[in-house]
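The chain contents come next:
2 protein chains.
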Amino acid sequence: MNILFIMYDQLRFDYLSCAGHPHLHTPNFDRVAEMGVRFSNAFVQSPVCGSSRMSFYTGRYVSSHGAAWNGFPLRVGELTMGDHLRRAGMDCWLIGKTHMKADAEGLARLGLSPDSEIGARQAECGFDVWIRDDGLWGQGPDGFYDERRSPYNEYLKSKGYEAENPWASHANAGVDDAGDIASGWMFQNADKPANIREEDSETPWLTQRTIDFIDQAKGPWCAHVSYIKPHWPYIVPAPYHDMFGANHVPAAQRSAVEQEDAHPVYAAYMDNKICQAFQREDVRQKVIPAYMGLIKQCDDQLGILLDHLEATDRLKDTMIVLTSDHGDYLGDHWMGEKDLFHNPSVKIPMIVYDPRPEADATRGTVCDALVESIDLVPTFLDAAKGKAVPHILEGRSLEPWLHGEKPEWRDFVVSEYDYSVTPQAVKLGLEPSECRLFMIFDGRFKMMHAEGGFRPMLFDLQNDPEEFIDLAKTEGHEAEIERLYGLLFQWARRSAQRVTKSDDDIRAMRGASLRKGILPFLVDGSEVSDDLIAAYRGSAQKRYVGE
Amino acid sequence: MNILFIMYDQLRFDYLSCAGHPHLHTPNFDRVAEMGVRFSNAFVQSPVCGSSRMSFYTGRYVSSHGAAWNGFPLRVGELTMGDHLRRAGMDCWLIGKTHMKADAEGLARLGLSPDSEIGARQAECGFDVWIRDDGLWGQGPDGFYDERRSPYNEYLKSKGYEAENPWASHANAGVDDAGDIASGWMFQNADKPANIREEDSETPWLTQRTIDFIDQAKGPWCAHVSYIKPHWPYIVPAPYHDMFGANHVPAAQRSAVEQEDAHPVYAAYMDNKICQAFQREDVRQKVIPAYMGLIKQCDDQLGILLDHLEATDRLKDTMIVLTSDHGDYLGDHWMGEKDLFHNPSVKIPMIVYDPRPEADATRGTVCDALVESIDLVPTFLDAAKGKAVPHILEGRSLEPWLHGEKPEWRDFVVSEYDYSVTPQAVKLGLEPSECRLFMIFDGRFKMMHAEGGFRPMLFDLQNDPEEFIDLAKTEGHEAEIERLYGLLFQWARRSAQRVTKSDDDIRAMRGASLRKGILPFLVDGSEVSDDLIAAYRGSAQKRYVGE
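Chains as they are written, first to last, in full-length UniProt numbering: chain A, 1 to 547; chain B, 1 to 547.
Careful: at least some of the hints might be erroneous.
No distinction is drawn between identical chains; accordingly, a pair holds when it is met within one copy or between any pair of copies.
[Unchecked claim] Here are the simulated BS3-like pairs of lysine-lysine, each with C-alpha atoms no more than 27 Å apart in a straight line:
id	residue 1	residue 2
1	K101	K316
2	K157	K316
3	K218	K387
4	K516	K157
5	K101	K542
6	K542	K157
7	K273	K516
Hint data in this document are derived by calculation from the structure and do not stem from the laboratory.
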């Protein structure tokens, strides 16, 4: 079996028709949901690209792998999906984005060169690279955000897009009435068609690269197909730019009560320029139709991929996973972007098609078990028939759910967020170590703990599914808060770094033999056999005492 | 400045005359205490050789480095004392024992060969090896406990000790009346002189290797001189074998109340054969005089080392540290060996001589600050004038204390213990993950938390300095227990793995420039300068829309 692990960037869990979106029809996402299982309670380990992805790729919580924000390098030697799958005899390839930063200092310390196979895998998050393009080729007066070579820009230039940075001037810009480039960085341009042929835009480009890979790949393989879209800049080529309009934009999920006595960290976010922008209805009216168009294009391209798999008879032995690294507030809760723990940010789509007959009973079903992004590596390791390594992987295989079983399962999910580099940290006057947030959600209650001496936030999603009422503002919820803190404490004490000894290794060490060199704490030897004593006495032909 | 980091194995904090032992006179330990500072509240991160040492050598808690018990390999890439000191321009050498197990799987995965310089350091806990000898050459019918080559056994053979394993038959055995080898493994032989010339026994041998090192070393260097003694087997050569007798053996610090309603984990330990043996007075009478003799020999050999440093004018620029990896119950609390958190096990000697004039004011003083074994790496890094790396090192430099300052300091110490491989785990029927113990001590109250659903243990050392009365057995201490659990929770949430980004790195990332490629969330561009907009718009000569 092969694995097509498809990730979209910043795709909200509820912007799919199979998840109930009223206006956005996504027949191809829905088709995979019909073929497999849609997990309706899936969460990321951190609502920011880099950290979330490092958890997807290592199967470990953020505080276990340590890459707590974008651009924080993943420490050298940290085991990845690629390490685990290759051990099980499955290749692991990258097609698209990882947002991974290599631990250059660690690589140098261990003498690993990025142009060696081992060094390259360490530098690329354990993947073998078919094509890497992180999709953020923004260029300011002081240079590029991402200084790597851009395969996508090279492609555009080869196609005749004559510009220094066609990603900026064509794929992510429109043209204004005066014929000038209208940058996609500006929301006012979000309703313009991108200045590019649709087939040359980022999503179709990566889809074609994926088909190129599939057509030559020898299995078993896992391919991480990682699209930059529907991530900002919010602009999309024709015909997707005007498929949706004001009448398709859902009302912002927000309430005045959220701004009353708001948690200081939440308040600092609502106050920043990103959120200020998304609090404007004109911005939502411009941005959301473009965001929907980008998703519609993703859906059409997914259809092309599915048709190709079907035409080449690969659907029967290819596991397909559709997910995202986090959501997008889009103005809900007075917020833009992601970063905090309301569902529009921390909850993700998670659709898994398992071609094996064992999964026939669950096709087209929805599973509301509490799923974490770290569950994918163990799921893939099961699919590759590799030995489970629970002393390293902190997630749990979804295979039992896919095969209609009712496994013992976790009682809560945890997500983390480190905002130490952000303007909010500066505004609140916090030290880096104080800028850490933890979410714990047990299926009903969601609590946010904030370091730095702040009170928690608490929501009851059973009675307040929209997460408007922060119960921690008022008396009477101390017991619930204490219970959730107890679960968080239990989680915080977990053994996360004993990665060199498995539980099986430990069981094998139990009752270690007395025959292997240590014969401790005998009074006179009568406790054990004479042979044992003789062996331990050792041979000696000479007496040294009293010479 | 150079650093002589001397560790003894299983040396109790209170078996030195400077620490108040009534019968054991240790003038050379006392001499260093007179030259420097004796820290009277120093604790190990785990009361077992291997894990304690990995914390000494990494400057990190056990749950941070993951080597939770003897023989659990230290994960490849984990930064060590050697990595930090070499970065500061100081060599870091090993002379003796580390009890370190290399992460063979990790080394292979990263293609590191143990015979390369980088691979060897990874395999030797970051040290360059002058001589490594872990000092446990026990040999049973199924072979050696330690399968490495033994430099010490090779030395003995070169000196004419004709035996397959002279460590067993000479250094750690006596001779009985019939002229047969009387193994040091048996307590009944502890009062016999070891079957070896005193100058060939382990402690003088390692002292001479240390002098060999010092005489050829080019500074600045740190030398970890790591003696196996006074660790068992409890037997010592003449004249040390009969220096101490029954009249020098302190009464066992134990009380009947300890056995009433004892904590299940503590009860399981008291019940094992080691502790059963040490509960016998005849055993204590045999063992403790030998243990004292071994320490007396260590003290005499320390004198030889100090005289050599003085004679070669090195005392003026050599920092000297005397410590141990844990203690020895010796029958106190109905226990033998180490493993749990009573002071005889978890508290260690910690004497530091700093030759710098800044330390003149504190010479001969005692400091009762709460010190942890992980404080030594930061102390040595300061001595080497290296940049502090608090995002990696979890300990704190002792330099302010040595220089007479009153620094902001920790409010509690934490120690951990994983007994998952032991007979106690089997007896209690626990899964490996349930066999973890945590000690938190705030200077007055000491609490032990045990995973696996057990109650805690609580001692008030102000009113019960001997740690006999487990307050958690009775009502009325809930508030104290809750407070200590709060501190443990705070500790458990620490950021321990964000090792690739320092706090300074994070501060430098704050308020990241808008000129470096990301210009997010502008409505119409009026929020920033026209130049900025122009730069972001990018250049383009061609319009693609509507072609």
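Alpha-carbon proximity between K218 and K387, which holds within one copy, between copies, both or neither at 27 Å: within (22 Å within a copy, 50 Å between copies)
message: When Cα atoms must be at most 27 Å apart, do K516 and K157 count as within-copy, between-copy, both, or neither?
response: Answer is between; shortest inter-copy Cα gap is 22 Å, intra-copy 68 Å.
query: At most 27 Å between C-alpha atoms: does K157 with K316 qualify within a copy, between copies, both, or neither?
result: Neither: 38 Å inside a chain and 68 Å across chains, both beyond 27 Å.
task: Tell me, please, which holds for K542 and K157 at an alpha-carbon limit of 27 Å: within, between, both or neither?
output: Cα proximity of K542 and K157: across copies only (12 Å, versus 86 Å in one copy).
query: For K101 vs K316, is the C-alpha pair at or below 27 Å within one copy, between two copies, both, or neither?
result: For K101 and K316, the Cα distance exceeds 27 Å both inside one copy (36 Å) and across copies (46 Å).
query: With identical chains treated as interchangeable, where does the CA-CA distance between K101 and K542 reach 27 Å or less: within a copy, between copies, both, or neither?
result: neither (63 Å within a copy, 34 Å between copies)
message: Treating 27 Å as the Cα threshold, decide for K273 and K516: within, between, both or neither.
response: Between. Shortest inter-copy distance 18 Å satisfies the 27 Å Cα cut-off; intra-copy 67 Å does not.
Hint violations for this structure: numbers 1, 2 and 5, all remaining hints satisfied.
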